[in-house]
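Basically the working numbering = 1-based index in the sequence shown + 990.
Please note: incorrect hints may appear among the correct ones.
What the hints assert, rightly or not - Computed beta-carbon distance windows for the label pairs:
hint	residue 1	residue 2	range
1	Asp1765	Glu1792	35 to 43 Å
2	Glu1730	Glu1933	16 to 24 Å
3	Trp1356	Pro1268	16 to 24 Å
4	Glu1730	Ile2040	46 to 54 Å
5	Gly1483	Pro2112	26 to 34 Å
6	Gly1150	Val1009	51 to 59 Å
7	Ala2182	Arg1750	41 to 49 Å
8	Ala2207	His2110	27 to 35 Å
9	Arg1723	Trp1356	46 to 54 Å
10	Leu1515	Arg1016	50 to 58 Å
To be verified - Heads up, simulated SDA-like pairs for lysine to any residue below, C-alpha to C-alpha not over 20 Å straight-line:
hint	residue 1	residue 2
11	Lys1067	Gly1045
12	Lys1151	Asn1196
13	Lys1067	Arg1154
14	Lys1067	Ser1052
15	Lys1067	Asp1588
16	Lys2193	Ala1622
17	Lys2193	Asp1484
18	Lys1151	Ala1031
19	Lys1067	Val1003
20	Lys1616	Leu1390
Quick caveat, the hints were computed from the structure, so don't treat them as lab data. We treat Cβ as the ideally placed atom computed from N, Cα and C, and that holds for glycine.
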Amino acid sequence: MLDRFLEPVAPGVVGELYVAGLQLARGYLGRPGLTGERFVACPYGGAGERMYRTGDLVRWTSDGQLVFVGRADDQVKLRGYRIEPGEVETVLAAHPAVERAVVLVREDAPGDRRLVAYVVADGQAVGGGELRGLVGERLPEYMVPSAVVVLDGMPLTANGKVDRAALPAPEYASVGGRGPVTVVEELVCQVFADVLGVERVGVEDNFFELGGHSLLAVTLASRLRERGFGVSVRALLMAPTPAGLAAAASTGGGGAVDVPPNGIPGEGAQVITPEMLPLVELTAAQIDLVCASVEGGAANVADVYPLAPLQEGIFFHHLLADSGDADPYLLSLALSFDNRARLDGFLAALQQVVDRHDIYRTGVIWEGLPEPVQVVWRRAVVPVREVVLPGNGDAAAELLEVAGRWMDVRRAPLLRVVVAADPATGRWVALVQVHHLLRDHTALEVVLSEVAALLDGRGDELPVPMPFRDFVAQARLGVSRAEHEEYFAQLLGDVTEPTLPFGLADAHGDGSDVQRVRMAVDDLLARRVREGARALGVSPATLFHVAWARVLASLAGRTDVVFGTVLLGRMNAGAGAERIPGPFMNTLPVRMDVADLDALGAVRAMQEQLAGLLVHEHAPLALAQKAGGVPASVPLFTTLFNYRHGNRVPGDDTHAGGMAGMTVLSTEDRTNYPLVVSVDDSGTGFVLTAGTATPGDPELVCASLHTAIESLIDGLEEAPSTPLPALEVLAPRDRSRVLEQWNDTTRTLPDVTVVDLFERQVSRTPDAPAVICGDEEISYARLDARASRLARVLVERGVGPESVVAVAMDRSIDLVVALLAVLKAGGAYLPVDLAYPEQRVAFMLADARPVCVIARPSWREEGAAGLGLPMITVDGHGIGDRVGDGPDPAEGTEAAAGGGQRPLLLPAHPMYVMYTSGSTGTPKGVTVTHAAVVNHVLARVAEFGWDRTDRLMLTAPMGFDPSVWQTFCPLVIGASLVIAPTGSTADPAHLVELVRRHDVTVLHLIASTLVGVLEEPTVSGLSTLRQLASGGEAVPGALRDRAFALFPHIDLVQGYGPAETCIAVTWHRCSREEGTLPPIGGPVANTRLYVLDRYLRPVPPGVAGELYVAGLPLARGYHHRPGLTGERFVACPYGGAGERMYRTGDLVRWRADGVLVFMGRADDQVKIRGFRIEPGEVEAVLAAHPGVVQAAVVAREDVPGDKRLVAYVVPEGDGPADGDLRRFAAARLPE
């Protein structure tokens, strides 16, 4: 039983039946095409085994029996769901009164497609409603027929099959369904109609299908409570019909809390006792402390009670900020008035609003108390300060500078105003600052609407204010703490890692570095979102939550994600909650593992989770955090998602009338979260807003969410079973950037080999110095002649295209002769480092199976014994191809240099085989072609502008692929190759002297060697040096800075490339302005780089992913290792047919300018306290310290359960002082 991906389905789940084994037919006689279509390869059998695709839908029972469900080709699609009519027929036929059943989709009215069932009874009376109920009990709602028609018999065709065209059209009930049958149902239907603004609502009508959403649900719940019906939030969301809510109300499921009354007399009290404060437990002495903090003492205290859930989190972050720091929860609203009278009227109305609502006359006291409490003052005057502006710029910004960004929350009201005349415009400006401890976005709407009403003379129409204490009581006395803990433990108990998009881990910032972007959802997509939500019986908010989970998984590089969602907090807050201007909102975690869900399943899972979460909407976030497995010092999430209804920018014309003459200049509303995404639902359209701290990209976030919601709707409409990870996240522009624009590297490449390039250069500059080694020098013509003579010997030995020749020689002119000879003979050279252990050399030779070995006579005597391979010895005097020194069989005539049959060598033929370390400890040979090397050499020469005047030094070991470009770049442009003798790179002073002596212009060294060279006192005298290049190791910032200090105009280049590609696939010119770790650059010519997630989908810029390389630089694969080649060189989904890409195992991220930053190895990741850490990233930061030569970072567990990150460094000189390195790293990396 397999799904469409040929993966087994779980017992009880419907899948298609495939049959394998001995009983399979050979196939269809004379029909090979049809045979191949139905008899397919079996992924669960032996090599070449087949299985037959039956087309039948079945499911396993728990005891291993099969149940036939229907035919796959009978599937129908209704409202986005794929339905098997046979499955519905099976359920109906299981009824004892049903003899036969047929289910189909009818479209009796254009566009109105419905599922209809026809049954034939066996003589017993049975009704359609009874049968619909049976189906509803056993199958999902979308599979329940709209009508069940009972027939005396099925109409049949001439051949005895059911004549579906003759089945009668059913008679449907009215659109509104049945009418109410009880007083409770009648009242609930009336409230539904009033809230939804429709004329009539049927008992079975779905709240969300009629256009309801969570904010209207708040109003609905409140209206029902006003009429005495206590309805739980879960009942409202999970059974959103008048019938369901009426049933819930009848059972008393509202969960309302009896709020104990305030014990302080209405006229006040000179002394407040503990009995007067039923919502908080304080001693008399503690109450005295509270009263002493209030202006006017006990007589000015109206009430004392604990903080609400949202207030607890806000207050915690407020305490983290010192009085001189910016408080992220201080809202600043700048207003402009056309005259002073208008300003004074606004201030008077604002004071009246403060007088009306207790929350605006509240301060917070905590010192000396068991828990923070909020103290309601009877009288609290809004502080208004008038200042004089210098008039040098933005009036709002100048006011903000004067007002400050911190507020003492102990003194009510937590609201203040700074006013001034604007010299530039003659208008008056006011900066209103309100602390989030008092308000949320809904509260702001209440305040502004009341101010407008008061200014418009409609103050008497305002409703009686509701006390905030009732909400606090509901929140603290409703759902118990134990119930909260049980729910969140089940939801988050196995979460051990935080979700960190863009690597953003600081949830304690002040929001000052957050950048924001807004994007409107296009109208057509907005309509599709609403239609899709109605079809599924969910709100658009549920769909956007699913889409955001998919985006977040991409941004965080993980599938199991947790993010905070903003809850209104007014669902279970009691009657009239929507009229209280207090901080009801709460932030609680949502979790989704996108790997385990398809599109439809994700929507249903999110619907269920949000419904459950709303029951716990008053749970403190700290409680939810403790329920997870993430350490307390680590944020559970750093992303906030806020779905808002009817949100508008303050100051629009909604409150026109009393607000005339006033305009909004600016608003500043911060948060401690480094990534906040909001969806504003206007009722017809949606607006997305993203605010991110560096290095997040808000424009990318908005575009990704827009793409994700569109992909989700496409999936729900066309293929609800689409796996959630398959939904596209990258916007077309961003996808084009990472796949095409930044990979636009196509260049025309001549159809030549490296030998062709070299020989052409010989003809151009025969007498120019080609290779210099110590006091020796050889011209291009002599080098070509010697290589040709040796090539003839190799050809006679059987060397040609596709063969391998081992070269075991130190760096020397003879080595270059040997390499060119192998290439001229058509072979590929295998460099054998003389310093390799004998066992490794033996393995390489046995594995590569070379035709012969070229070596110096001394190596032949010391290391050739027992290898059993033909040997050719080369020194500056001749060639030997048998034991002992004999005459050069090819030396002495010019004919020998060019005679004989030249092998046909093509660019596709291999040029070299190099062995690289394997993860299993066994080396593996990498085969690279001439075409790849020609591409690299020509690209490097063109990029850096080298010519025949340059001198490039060969410093790399021959088994290290930079030796390839170091050797052949100069030889194809007429430049000189200067050879650094073996061992010279270990002596920086000697190396500097070689560079000076031979006027070297280009020097390539690994970073650790380059450090020593740049520390040499005489290095600054290298006047000819114009390029320093490095590869194999990251160039730390300190090394870069040292190089530029010594050589201000030097071309400092960092390259990157695994051995499985030709040398380097990126390079980057370093600059002084870059950070601690320079990037590795963008793709070289004819190269494409893909940064992909585990599903091989491109990750957004700024997000770490695994690097894959495609294009001309790819090696053929691993020599004689087809299995390993197939594992690492995989099919490229973004290239042409048959194209491959190499999986590097390296983690990188794109910068916004299209260059890559190296992050570390995917298999080197360690996990500490819930964080995934790349040791390489920490090593790079430590190595950037000027007092560090080398660094290594590991995770140690010296005591069981005590896992710690430990760094080891090799200091420069005396090294850094104690603690310096930890402080250095802490300033550049998360704690």
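Quick rundown of the hints versus the structure:
1. Asp1765 x Glu1792: 35 to 43 Å: With a Cβ separation near 39 Å, Asp1765 and Glu1792 satisfy 35 to 43 Å, so the hint holds.
2. Glu1730 x Glu1933: 16 to 24 Å: For Glu1933 against Glu1730, whose Cβ atoms are near 21 Å apart, the range 16 to 24 Å holds.
3. Trp1356 x Pro1268: 16 to 24 Å: holds (20 Å)
4. Glu1730 x Ile2040: 46 to 54 Å: Distance hint for Glu1730, Ile2040 is violated at roughly 34 Å.
5. Gly1483 x Pro2112: 26 to 34 Å: Given about 45 Å between the Cβ atoms, the range is violated.
6. Gly1150 x Val1009: 51 to 59 Å: 28 Å Cβ-Cβ, so the 51 to 59 Å window is violated.
7. Ala2182 x Arg1750: 41 to 49 Å: Given a distance of about 47 Å, which is inside 41 to 49 Å, the answer is holds.
8. Ala2207 x His2110: 27 to 35 Å: violated (54 Å)
9. Arg1723 x Trp1356: 46 to 54 Å: holds (50 Å)
10. Leu1515 x Arg1016: 50 to 58 Å: Holds: the Cβ-Cβ distance is about 52 Å, inside 50 to 58 Å.
11. Lys1067 x Gly1045: holds (18 Å)
12. Lys1151 x Asn1196: Answer violated: Lys1151 to Asn1196 is near 38 Å, above 20 Å.
13. Lys1067 x Arg1154: Answer holds: Lys1067 to Arg1154 is near 18 Å, not above 20 Å.
14. Lys1067 x Ser1052: violated (28 Å)
15. Lys1067 x Asp1588: holds (16 Å)
16. Lys2193 x Ala1622: With a Cα-Cα distance of about 16 Å, the restraint between Lys2193 and Ala1622 holds, given a limit of 20 Å.
17. Lys2193 x Asp1484: holds (19 Å)
18. Lys1151 x Ala1031: Distance ~35 Å between Lys1151 and Ala1031 Cα, so the pair is violated.
19. Lys1067 x Val1003: Holds: Lys1067 and Val1003 sit about 18 Å apart, inside 20 Å.
20. Lys1616 x Leu1390: violated (38 Å)
Checked against the numbered hints above, the structure violates hints 4, 5, 6, 8, 12, 14, 18, 20; every other hint is satisfied.
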